[in-house]
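Position chain B against the provided structure of chain A, taking the given hints into account.
One line per chain: the protein sequences are A and B, in this order. For what it's worth, the working numbering labels the leading residue of the first sequence as 1, then goes sequentially. For what it's worth, the working numbering labels the leading residue of the second sequence as 1001, then goes sequentially.
Note that these hints are calculated values from the structure, not bench results. Heads up, a few of these hints could be off.
[Unchecked claim] Residues from chain A that face chain B, not an exhaustive set, calculated with beta carbons under 7 angstroms:
| # | residue |
| --- | --- |
| 1 | Lys-4 |
| 2 | Ile-8 |
| 3 | Ile-52 |
| 4 | Leu-58 |
| 5 | Phe-109 |
| 6 | Thr-115 |
| 7 | Tyr-118 |
| 8 | Asp-140 |
| 9 | Asn-191 |
Keep in mind that this is a model prediction, so the values were computed, not measured. Cβ atoms here follow ideal geometry from the backbone N, Cα and C, with glycine treated the same way.
Protein chains: 2
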Amino acid sequence: MKFKLSDILELPDRYRRNLINSMHGFKSVSLIGTADVEGNTNLAIFSQIIHIGANPPLVGILVRPDSVDRHTLQNIRATGWFSINHIQREFLEAAHQTSARYPQNISEFDATGLTPEYIDDIPAPCVLESQVKYLLEKLDETLLINGTVLVTAKVKMLQVPDEMLQTDGFIDLHQAGTLTSAGLDAYYSVNPIARFSYAKPDQPLLPV
Amino acid sequence: MKFKLSDILELPDRYRRNLINSMHGFKSVSLIGTADVEGNTNLAIFSQIIHIGANPPLVGILVRPDSVDRHTLQNIRATGWFSINHIQREFLEAAHQTSARYPQNISEFDATGLTPEYIDDIPAPCVLESQVKYLLEKLDETLLINGTVLVTAKVKMLQVPDEMLQTDGFIDLHQAGTLTSAGLDAYYSVNPIARFSYAKPDQPLLPV
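Here chain A stands alone, though its shape is the one from the complex:
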């Protein structure tokens, strides 16, 4: 099937949302934990998380101000802090359930049974059940063309189980049980195929 832009614009809303959201491939779906200035917690599932740099370690998240993510953005603006927590099969249903539009006075931690975990006195809660988690401090906000906000942040703490950390710094996300997502509502586990050597012209690839 070939869709031109004019075809895409004429699709029913729900069909277009599913199509365009699944078009990109698999995403780094995670739970973002925040709190307001009084310590009331919020937890939201996000799949728009991007690597901006390694030195210093910079991450971006994309937030639609009109979406259920708005409490997350309010809290990040108020405190400057948020956590990103990988999702495993054991608590996938709870993770997806955080996308429901709970009223502001209900914490998604309480509603879903996930456990807030505070590390190093940083005011944003992590998810105790997550194997891989990191804490970030907001640096900047950039408004994109359609009103979406790109929040850039610096990694202040990263926690990974020892046995999932390889000798060259690579985190074995398959062993950690980290899941991936596609579209708005589909979740997947992964099978490792290979790690390849740094590619050079006129040299065959080698497994790492």
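Same frame as chain A, but now just chain B:
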């Protein structure tokens, strides 16, 4: 293992690159096809592809101007067009090999054996071997804090095999054989777990 920012900054470069690049989870790795104004083609593997909006369909890619991706950015600036093409197991080695630093006069299509495919007279080549592919026209560029450039673009054409398109617009990426990546050099296939219903407070999740 717990890494504070000060620990991360003191790590050896290669260890830090592996750690921070794998920290985000799985990514929508794809091949980006471009051409210069004379029609000389370029193909580069990218994992920084983000959904910005569905209506109109907007996509962002993140480019480091000092990296091997610079030919891609030059071509997008020169012609305004690029293609994004999913990666399947059958040509994974060729896809990874496009990350080698070929001289500007060598096309990664020629070097790796992948086949350029032109659709609707748009000047950016797609990858014939890819099952899911889309063509984009650049709208805007945003410079981020560390010199990285976010290119935002509008989808002008999307092509998906009929049998991989579900009745609600969701693309069955598992059936399409689309792969995902982690870190700088690890690739994975996926196993579907579930699609869930739109989450609502006080309602159990249902499979779609």
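Here is how each hint holds up against the structure:
{"no.": "1", "hint": "Lys-4", "in the structure": "holds, 6 angstroms"}
{"no.": "2", "hint": "Ile-8", "in the structure": "holds, 6 angstroms"}
{"no.": "3", "hint": "Ile-52", "in the structure": "holds, 6 angstroms"}
{"no.": "4", "hint": "Leu-58", "in the structure": "holds, 6 angstroms"}
{"no.": "5", "hint": "Phe-109", "in the structure": "violated, 14 angstroms"}
{"no.": "6", "hint": "Thr-115", "in the structure": "violated, 18 angstroms"}
{"no.": "7", "hint": "Tyr-118", "in the structure": "violated, 14 angstroms"}
{"no.": "8", "hint": "Asp-140", "in the structure": "holds, 6 angstroms"}
{"no.": "9", "hint": "Asn-191", "in the structure": "holds, 5 angstroms"}
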